[in-house]
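> With the sequences and hints as input, model every part of the structure.
2 protein chains.
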Amino acid sequence: MASDSYPFLGQHQSGIVTPAQDRLHFVALTVKTESLAELRSLFEDWTAAAQQLMAGQPVGEEKSLAAPPDDTGEALDLSASHLTLTFGLGRSLFVDSEGKDRFGLADRLPPALEDLPTMSGDMLEAAWTGGDLCIQACADDPQVAVHAIRNLVRIAAGRAVVAWSQLGFGRTSSTSSAQVTPRNLFGFKDGTANLKVEEPELLAKHVWASADNSAGNPAWMEGGSYCATRKIRMLIEPWDRAPLREQENIMGRTKKEGAPLSGGGEFDAPDFEMKGRGGPIIPVDSHVRLMHPAQNEGVQMLRRGYNYTDGSDGLGHLDAGLFFIAYVCDPRTHFVPLLRTMMKSDALSEYLRHVGSAVFAIPPGVSEEGDFIASGLFEGKI
Amino acid sequence: MASDSYPFLGQHQSGIVTPAQDRLHFVALTVKTESLAELRSLFEDWTAAAQQLMAGQPVGEEKSLAAPPDDTGEALDLSASHLTLTFGLGRSLFVDSEGKDRFGLADRLPPALEDLPTMSGDMLEAAWTGGDLCIQACADDPQVAVHAIRNLVRIAAGRAVVAWSQLGFGRTSSTSSAQVTPRNLFGFKDGTANLKVEEPELLAKHVWASADNSAGNPAWMEGGSYCATRKIRMLIEPWDRAPLREQENIMGRTKKEGAPLSGGGEFDAPDFEMKGRGGPIIPVDSHVRLMHPAQNEGVQMLRRGYNYTDGSDGLGHLDAGLFFIAYVCDPRTHFVPLLRTMMKSDALSEYLRHVGSAVFAIPPGVSEEGDFIASGLFEGKI
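Each protein sequence line maps, in turn, to chains A and B. Going by the numbering used here, 525 is the number at position 333 of the first sequence; the sequence numbering is gapless. Going by the numbering used here, 205 is the number at position 13 of the second sequence; the sequence numbering is gapless.
Honestly, the hints are just simulated from the structure, not real lab data.
Which copy is meant is left open, so a pair is good if it fits within one copy or across any two.
Restricting the straight-line Cα-Cα distance to at most 25 Å, the calculated cross-link-like pairs of lysine to any residue (SDA-like) are:
| no. | residue 1 | residue 2 |
| --- | --- | --- |
| 1 | Lys388 | Ser454 |
| 2 | Lys536 | Val547 |
| 3 | Lys292 | Glu317 |
| 4 | Lys448 | Ala259 |
| 5 | Lys255 | Glu449 |
| 6 | Lys536 | Glu440 |
| 7 | Lys292 | Ala318 |
| 8 | Lys255 | Ser454 |
| 9 | Lys573 | Ser289 |
| 10 | Lys255 | Ile473 |
| 11 | Lys255 | Leu436 |
| 12 | Lys467 | Asp538 |
| 13 | Lys255 | Gly455 |
| 14 | Lys448 | Asp460 |
| 15 | Lys397 | Thr533 |
| 16 | Lys536 | Arg433 |
| 17 | Lys448 | Pro260 |
| 18 | Lys255 | Pro430 |
Here is the structure:
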């Protein structure tokens with residue numbers, strides 16, 4: 193096993209509390225097969241390939257010259273690069289848009305896997321929204337992440353195809369206190385107050401799904417999580433024309449240090465009561481205030497987003513923004529309320545366009561050799 | 193100056209023979225101003241910013257809270273990351289599509305800066321083709337490259353806007369013999385026989401523009417070069433279904449080692465005469481044979497391309513390929529004939545779609561403090 197690889201086996205899937213790697217390739221897939229057995233075999237095949245990929249090995253086995261190679265080859269000389277792979281299932285895998293039970297799995301649909309309600313300000317495009325399945329690949333080297341997604345997509349042939357895919361070139365969150373806080377494309381440090389792998393009790397409370405909490409999770413989700421993605425285009429040109437004071441008032445933090453406007457350093461707690469000229473020094477519509485657990489019944493998310501640039505918008509500007517990813521124990525309590533507050537009240541929203549959205553159930557990790565991802569979903573069904 | 197920075201000043205611009213960095217952001221711009229003075233001031237402003245960016249410093253200067261910051265900030269905590277910036281000028285900057293002399297610079301149009309002839313198999317899209325100006329940013333860290341392009345685009349406000357932009361996540365060429373040969377998205381080593389910085393005589397012959405060769409270069413191009421880009425979508429799904437033998441016959445090299453099919457190791461010369469079953473062992477329509485200098489009157493290019501993934505094609509596949517970049521002394525002799533051969537005869541072309549194309553004149557480097565990029569173009573004109 194390569195020295196820069198993470199183990200595949202574990203209670204939880206990799207890529208959630210793993211220290212956020214710098215590069216991302218995320219794919220959503222549309223399932224084409226109508227066979228439950230084929231759907232299960234897809235997870236079995238993906239599990240075998242994921243173990244090889246995360247260990248830095250080519251997928252499959254060496255074939256003769258007369259056959260197509262099992263591995264596509266572009267990562268042959270590259271290391272494991274701390275690759276993690278995280279697999280998820282969308283609501284549309286269980287019930288289609290007309291409510292039809294696609295695979296006889298509807299009774300195992302997690303109640304928390306609801307479609308997101310429409311938000312004021314949503315500008316969602318079908319090309320970046322939803323998906324029956326998802327795979328998040330994170331790695332130090334983007335070619336390793338792209339290679340993994342490509343080979344997993346290839347393995348899905350005949351059973352699932354690409355719905356959409358997103359590259360991220362720079363992480364915008366830390367998930368370990370050993371990591372430096374990165375910056376988003378507004379130039380601000382992001383995710384300072386993120387949940388961290390060093391806080392297992394908070395993770396148990398806010399990130400991991402369990403069968404005994406109020407989410408009503410089915411047994412197969414025990415030890416899993418929920419992944420919410422938002423593709424958020426950032427209007428960087430008007431932002432770049434805003435005075436520094438306005439930028440800092442919108443964020444509620446200083447740009448250079450990332451310190452709360454109430455003073456101290458990056459990791460000091462914001463003082464939301466402190467008075468400034470004409471109101472609180474951390475404005476009532478600032479991002480840090482509205483998203484803070486203190487304003488949200490103590491709710492926290494594990495954020496794991498990435499900066500993206502997709503070329504140009506055809507109107508003379510760069511098409512750039514944030515591919516937001518959050519892992520939470522229940523999107524209904526831990527994501528929807530925060531998103532609603534943000535889109536409705538946050539001063540930042542003026543500079544954002546939400547163009548994509550998806551929610552996926554993330555099954556637990558594979559704990560034992562021979563088991564496979566989402567195996568509990570199929571138990572007793574086939 | 194940061195320890196991982198390259199000097200800005202030099203006979204040639206950076207980013208040509210600099211050892212190819214792993215990540216790319218390339219932008220083509222449309223000039224909006226009609227003023228020669230404003231065009232010149234753009235190059236002056238870009239020159240000042242490029243010096244700061246390459247040194248790992250924020251652009252501009254620190255402003256008060258009441259003003260928009262000069263630097264957008266997302267690279268504040270990042271190193272110089274070996275950033276290089278390479279500026280170029282398209283034919284359309286000199287004469288528009290109706291032949292009109294836009295800035296009174298038509299008499300300084302390099303004869304070598306011709307529009308590429310239409311190629312059989314071209315599937316060019318306007319969204320990836322042409323441009324009045326270009327900037328190539330290469331760096332170890334993609335966020336540093338994106339930050340540079342974004343800030344240079346911002347500086348251009350009122351004078352030029354983005355025509356198109358392309359991210360590349362993995363280099364496909366080495367430009368120094370100290371570098372490992374990377375792989376393209378067909379899984380093959382690419383650029384094994386590329387020109388290298390360690391070969392100054394070959395660079396002088398094939399890459400650098402000079403006023404005394406047959407290209408008829410104007411004086412302002414002395415020490416410059418020409419940059420040709422092609423956005424080449426790779427049909428990875430059918431390729432991945434081709435047997436290894438077919439893949440290797442198309443490339444003319446082995447997949448794992450990158451050795452010519454005639455034997456030896458990666459860096460051994462191919463033996464085009466060696467017989468195999470039913471013909472030469474390196475097939476007549478193989479990529480390595482058709483592109484080899486021995487088949488092209490000794491002509492060589494400095495290739496500097498990048499793998500890209502742009503999401504999905506909307507048809508269930510990943511949209512991925514090669515953003516080809518080559519630097520040559522004269523596109524008429526060093527690029528067009530090879531491109532024509534490749535598109536017409538190369539077995540590889542079955543798996544490629546050329547969707548974008550551009551050629552730019554690359555002025556020489558800035559040798560002295562106080563000078564600016566392309567200054568020679570404006571001399572005596574303003």
